[in-house]
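Residue numbers (the working numbering), protein chains in the order written: chain A, 1 to 131; chain B, 132 to 517.
Hint data in this document are derived by calculation from the structure and do not stem from the laboratory.
Treat the hints with caution; some may be incorrect.
[Unchecked claim] Beta-carbon label-pair distances, calculated as ranges:
{"#": "1", "chain 1": "B", "residue 1": "362", "chain 2": "A", "residue 2": "45", "range": "57 to 65 Å"}
{"#": "2", "chain 1": "A", "residue 1": "109", "chain 2": "B", "residue 2": "199", "range": "45 to 53 Å"}
{"#": "3", "chain 1": "A", "residue 1": "100", "chain 2": "B", "residue 2": "334", "range": "20 to 28 Å"}
{"#": "4", "chain 1": "B", "residue 1": "487", "chain 2": "A", "residue 2": "50", "range": "57 to 65 Å"}
{"#": "5", "chain 1": "B", "residue 1": "441", "chain 2": "A", "residue 2": "109", "range": "41 to 49 Å"}
{"#": "6", "chain 1": "B", "residue 1": "147", "chain 2": "A", "residue 2": "71", "range": "22 to 30 Å"}
C-beta: ideal position from N, C-alpha, C; glycine also.
The chain contents come next:
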Amino acid sequence: MFPSRIWREKAQRYRLEAGKCTTCGYIAFPPRLICPECGAREFETITLPDTGKILTYTVIRVAPSQFTDEAPYAVGIAELTNGVKLMAQIADCEVEKIKVGMEVVIEFRRVQTHGSHGVLSYGYKFVPKWY
Amino acid sequence: MRDVAVVGIGMNKWGEIWTKSFRDLFVEAALMAIDDAGVDTLDSMTIGCMTGGLFVGQEHLASMMADYLGIKNLPASRVESACASGGLAFRTAYIEVASGMSDIVLAGGVEKMTDVSGDGATYALATAADQEYEVFHGATFPGLYALMAVAHMEKYGTTRDMLSSVAVKNHHNGSMNPNAQYPFKISIEEVNNSVMVASPLRILDCSPITDGAAAVILTTVDIARKLGKPIIKIIGSGHATDTIALHSRKDLTTLDATRMAAKRAFDMAGKTIKDIDFAEVHDCFTIAEIIVSESLGVFAPGKGGVAAQKGETGLEGSFPINTSGGLKSKGHPVGATGIGQAVEVVKQLRGEAENGRQLKNNPKTALMQNMGGSGGSTLVHILEVA
Numbered sequence: 001m002f003p004s005r006i007w008r009e010k011a012q013r014y015r016l017e018a019g020k021c022t023t024c025g026y027i028a029f030p031p032r033l034i035c036p037e038c039g040a041r042e043f044e045t046i047t048l049p050d051t052g053k054i055l056t057y058t059v060i061r062v063a064p065s066q067f068t069d070e071a072p073y074a075v076g077i078a079e080l081t082n083g084v085k086l087m088a089q090i091a092d093c094e095v096e097k098i099k100v101g102m103e104v105v106i107e108f109r110r111v112q113t114h115g116s117h118g119v120l121s122y123g124y125k126f127v128p129k130w131y
Numbered sequence: 132m133r134d135v136a137v138v139g140i141g142m143n144k145w146g147e148i149w150t151k152s153f154r155d156l157f158v159e160a161a162l163m164a165i166d167d168a169g170v171d172t173l174d175s176m177t178i179g180c181m182t183g184g185l186f187v188g189q190e191h192l193a194s195m196m197a198d199y200l201g202i203k204n205l206p207a208s209r210v211e212s213a214c215a216s217g218g219l220a221f222r223t224a225y226i227e228v229a230s231g232m233s234d235i236v237l238a239g240g241v242e243k244m245t246d247v248s249g250d251g252a253t254y255a256l257a258t259a260a261d262q263e264y265e266v267f268h269g270a271t272f273p274g275l276y277a278l279m280a281v282a283h284m285e286k287y288g289t290t291r292d293m294l295s296s297v298a299v300k301n302h303h304n305g306s307m308n309p310n311a312q313y314p315f316k317i318s319i320e321e322v323n324n325s326v327m328v329a330s331p332l333r334i335l336d337c338s339p340i341t342d343g344a345a346a347v348i349l350t351t352v353d354i355a356r357k358l359g360k361p362i363i364k365i366i367g368s369g370h371a372t373d374t375i376a377l378h379s380r381k382d383l384t385t386l387d388a389t390r391m392a393a394k395r396a397f398d399m400a401g402k403t404i405k406d407i408d409f410a411e412v413h414d415c416f417t418i419a420e421i422i423v424s425e426s427l428g429v430f431a432p433g434k435g436g437v438a439a440q441k442g443e444t445g446l447e448g449s450f451p452i453n454t455s456g457g458l459k460s461k462g463h464p465v466g467a468t469g470i471g472q473a474v475e476v477v478k479q480l481r482g483e484a485e486n487g488r489q490l491k492n493n494p495k496t497a498l499m500q501n502m503g504g505s506g507g508s509t510l511v512h513i514l515e516v517a
């Protein structure tokens, strides 16, 4: 994994930056060059809210090699308070207690370690609000 | 546009085929299709393959497969749309014949998946998802379909047993298919108690890793008549895409590309789902068959699981689905799957399905649905006995 690939995504993974269409208000995460709703090409940079609720989730037991040490781990889709949906791991909880509709906060975490060189990739994870 | 028919089909035994190479798998199926059609040459060839590069380190299939098929200077191409590559090859060949550009075209599909470890296969398949916003977070393909399953269960009350009934039915059908990878029956209890992969999906909810190839010969209806083959006409072809990432979709419980591809195929054919006698659909996971059956309009949203449990999609049901055994039992060599569906549809329409899985009452019209990734691309075709 070349560092440039990780570096390119830093505004989204580290700062939750999204593009808001200045014509129709559609929020693109990650940012896009053209709005899929109205076709406009002007966006303003916004920061996503850090809270939302779980729409669906799964507990992964057969994991890709860079995640085998963490299995079983939960991955979910959350809808944030502004309606944006995104996918991330659900951390800091017993996976049996995860429920659809559960409120979560987005926190900055280490997500994975790449290959034998061990480049660390950071990003966001969902953490249950009651923790 | 010219009327186009399928006049030849070829498919080898699918499974862990350690004794056959990537090229031999493809050429074997292609020769079977050529022999079945009774043609002595091809004008062109299009091959569906998801990722020969990651599975066996081999790209440039157009050259290799034309070379080993022994047809010098054959115009050939390889098309890719993840697990829908085969369906895309079928459509590409159909357009080429319908347009008048070529008269006799082979549409094939191939994937050699067992020359890498399970982890290597997981990596290769995950390239069909959004690398930076899904796979980065640890999502796998069973995981993505599990997210759809949980959403469907929450919204409609779909149950564990409903999912299992899809696997049981497909293995029942596949037990009668001599080319199936896993031609044996399984029980609801066996599915319910199998190893968890990504909750709620268990190993027996998942289609397997498979080596395999399939091929069909497409030509004009006029040439088909001269060849003296049964005329299985392509009357509808629909193609659609959807967002690459599952979380970008407005509704996690439907497959919009399937809905749109079906609409386009139905509009072209002048048919509705009520005119269809049976279907081969993309059951990469049990939940996929349930959602696809709803998105095609066979059943109302949320009713696909109940219908499967009641046997509506069985061989004797009101709308048989996956008489071949589906991806679940027949196997899922990703790039070949869409062509494998065509092989089964043609067998059923000719009345040639083996070992008692032939549908009664002479089915006339069939649909096949092949999708890539978590539904980011879909091909739907409608075939009819002319």
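The hints, checked one at a time:
1. B:362 / A:45: 57 to 65 Å: holds (59 Å)
2. A:109 / B:199: 45 to 53 Å: holds (50 Å)
3. A:100 / B:334: 20 to 28 Å: Between residue 100 of chain A and residue 334 of chain B, where Cβ atoms are some 24 Å apart, the hint holds.
4. B:487 / A:50: 57 to 65 Å: Since the Cβ atoms of residue 487 of chain B and residue 50 of chain A sit about 59 Å apart, the hinted range of 57 to 65 Å holds.
5. B:441 / A:109: 41 to 49 Å: Taking Cβ atoms as reference, residue 441 of chain B and residue 109 of chain A lie about 45 Å apart, which means the hint holds.
6. B:147 / A:71: 22 to 30 Å: With a Cβ separation near 25 Å, residue 147 of chain B and residue 71 of chain A satisfy 22 to 30 Å, so the hint holds.
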